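Please model the complete structure; the sequences and the hints are all you need to start from.
Residue numbers (the working numbering), protein chains in the order written: chain A, 1 to 397; chain B, 1001 to 1202; chain C, 2001 to 2108.
Computed cross-link-like contacts, DSS-like style, restricted to lysine-lysine with a CA-CA straight-line distance of at most 30 Å:
| id | chain 1 | residue 1 | chain 2 | residue 2 |
| --- | --- | --- | --- | --- |
| 1 | B | Lys1117 | C | Lys2091 |
| 2 | B | Lys1077 | C | Lys2072 |
| 3 | A | Lys203 | C | Lys2006 |
| 4 | A | Lys380 | A | Lys281 |
| 5 | C | Lys2006 | C | Lys2106 |
| 6 | B | Lys1100 | C | Lys2106 |
| 7 | A | Lys236 | A | Lys312 |
| 8 | B | Lys1134 | C | Lys2091 |
| 9 | C | Lys2072 | A | Lys203 |
| 10 | C | Lys2008 | A | Lys203 |
| 11 | C | Lys2106 | B | Lys1004 |
| 12 | B | Lys1034 | B | Lys1200 |
| 13 | B | Lys1176 | B | Lys1004 |
| 14 | B | Lys1126 | C | Lys2106 |
| 15 | B | Lys1033 | B | Lys1004 |
| 16 | C | Lys2106 | B | Lys1117 |
| 17 | C | Lys2008 | B | Lys1077 |
| 18 | B | Lys1037 | B | Lys1126 |
| 19 | C | Lys2008 | B | Lys1100 |
| 20 | A | Lys347 | A | Lys314 |
| 21 | C | Lys2091 | B | Lys1111 |
| 22 | C | Lys2106 | B | Lys1077 |
| 23 | B | Lys1200 | C | Lys2106 |
| 24 | B | Lys1077 | C | Lys2006 |
| 25 | B | Lys1117 | C | Lys2072 |
| 26 | C | Lys2072 | B | Lys1111 |
| 27 | C | Lys2106 | B | Lys1134 |
| 28 | C | Lys2072 | B | Lys1134 |
| 29 | B | Lys1111 | C | Lys2106 |
Listed next, the stretches of chain C that the computed footprint assigns to chain A, with coverage defined by at least 3 CB atoms under 8 Å from CB atoms of chain A:
| id | region |
| --- | --- |
| 30 | 2002-2009 |
| 31 | 2012-2024 |
If you're looking for bench data, these hints aren't it; they were derived computationally from the structure.
Predicted model, so just to flag it, every value in this text is computed and none were measured.
For every residue, glycine included, the Cβ atom is placed at its ideal position computed from N, Cα and C.
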Amino acid sequence: MAKEMVLSGCAASAQAAKMAKVEVICSYPIRPYTALMMELAKMVANGELDAEFIYGEGEHAQLSVVLGASAAGARVLTGSSGVGVTYAFETYSPIAGGRVPVQMMIADRALDPPGDFGSEHTDAMSCRDQGWLMGWAENPQEAFDNCLINYRVGEDHRVLLPQFVCQDGYFVSHIPGKVLLPDQSQVDEFLPPYTLPHPLDPKHPVSHGPQIRPDQGTIMDLQRAQAHLDAPAVIKEAIADFNRIFGRDYSPFVEEYMTDDAEMAFFIMGAHTMTARHAIKHLRSQGVKIGLVKLRFVRPWPTQEVAEALSKFKAVGVVETSTSYGGAMRGGNLLHEVRASLYDLPKRPLTTSFMAGLGGEMVPLKEFYYMADILSEMIKDGKAKKTVYWVGFEAEA
Amino acid sequence: MASKVKQITVWARGVVQDKEGRDIANGLANAAKKEGKFTQAFDNYVDLPDRVNVPLRKYARISDEEIEERYEYENEKPEVVIVADATLVKGINVLRGMEKGGVLVVNTDRKPEDILKFIPNRDLLKAIVCVDAKGICGEATVDFSGSEGGVDAVGLGAGMAAPILGALVRGTNLVKLENLAAVVKNKEALYKGHEQAVVKTL
Amino acid sequence: MFIIPKEKEVPLGCITPAPVTEQTMMITGNWREYRPVIDQEKCNLCMNCIVYCPDACWQLNEAEDEVVWNAKYCKGCLICVNECTTEALSKAYELDFEDGVVRLEKPF
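Shown next as structure tokens:
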């Protein structure tokens, strides 16, 4: 029987990795993801988990270790945060291009300078175009579930892609929440043992990662692009099975809250979705017709689902928790993709974005009320004044 | 590529002839420029220039009109092929892409017949020119500053490239000898190569 | 769906069968200007050539009790000539031999 526990996001991820029977783990400490490795190290030391636990000498080494182990046929886990994530950047493209499905848990953290250790999506978002699957968890339960879902999708032979399984640093990684731990038999039913089509095996020698000529490069890019085209169908299958086996009601790509008659909506991912839900509940009681759309996968980006979900609103406010300095929207990364998803619609909602929760700042209810006011004003004016609002710092209140 | 563009391919050996090979292509292009032609000279990037003795290519292009292809980085149909080390003829189909009526220039102390026996597609050639460049000016100038796009400080045609360019004029009418003399450093070697070259018309 | 021309195909993730006896995708015999020539009378099978060759181009033929040279991959570095203990190996110019032709279409 499933049992209910109260766990931090890091501890929940560790429990998920244990139930996924991860075989090789490589660690290097950095806040706020460190507790994942502390938990796993204890499990290995206590004999609860039969895995190789390797100490990397840095994040580049961590990723290199799990690349080798995964290529040899082991289910692997590594993780990092902030500048640790970016220090390993070189390894992300070859891991995805070599089609080795390693999993990396990122408890996100603002990048330097200077040494800010608060949550911000920028570290992981900077790595989003390397061919990895990527998505954020809202709470420890999703951190647990996403670990299993991503192993299942990434290791599927129709996909074979590595996965960034992200959670907001501190907010999700440190604040404990309710987690339903399933039975091992449920996990075993959902997640088949890991196999690779061409593992490193002395009996059948193969070469991984050879030098290629420039004219072979396009083909390898094309293979990775194709894998991302094929992944959505596999994600849908996996979510359907997950819901059936574990009794959940996840949507594969976007989840909606109070959107039935809504005129406006927040578009958001990760921890602050929870606060946004409460803000919407209060705004609804005052007669404001507002809802939200939560994004579950940043890669592959669910273009169709985003367009369908957002097309019914008059105004959409994208809550950005990452930076894209000098970008087309002058704010974060998400509005670029949201607007691109909406472009081909005959009738598009008005859109803008809100820079909130950067550097680990809280996003309290009143900030969502401020955002809702801007959206109301946009509907009244019939246009968006600008593409980005830095919440709490705008000269015009 | 427009048919009016004359393509010249130089085969040389990695590191030890990297500069000499490049000097041949650059010398040819610079001399043609003096004659009012549009020219290009560049290395093949896909070959492995930093491994000793590996076969690699340098290219020159000469045209009466502006050359539109700058980033198509292989000469698909060379009409003149220069082999800076004769043993390459056993290792590579040096005439690949050549149409009938081309010219082959080889740096060797052997006779044209000794080289031709290693060229199975020799019927493509209208002439072969052999020159003992090493005998004229000794070993190749080994200098790395021009590799990988750096600026070559040694100067053009101080070594084996000069006599090879001189020999080239005997078998082709791509450029005039005096214009080569205006761009190469070792003019004496250029003239010696021109005089001592052995031409065999086929 | 995409169409990839046959000559441009690359295996998934560029994972290729590893060479077991020889790497046919990287033939290096055309790097050679000079080759080692063996005088079997002088060879005492010390096997220095086998040990020192960076490309495993010397192998022992146990049936004939002699070392055998591989023309397809020998780069002509002549380390074996240098390391030969009995002067059984000597250097010879490649154009003096009819054999040892590799003649690839492209260098790499």
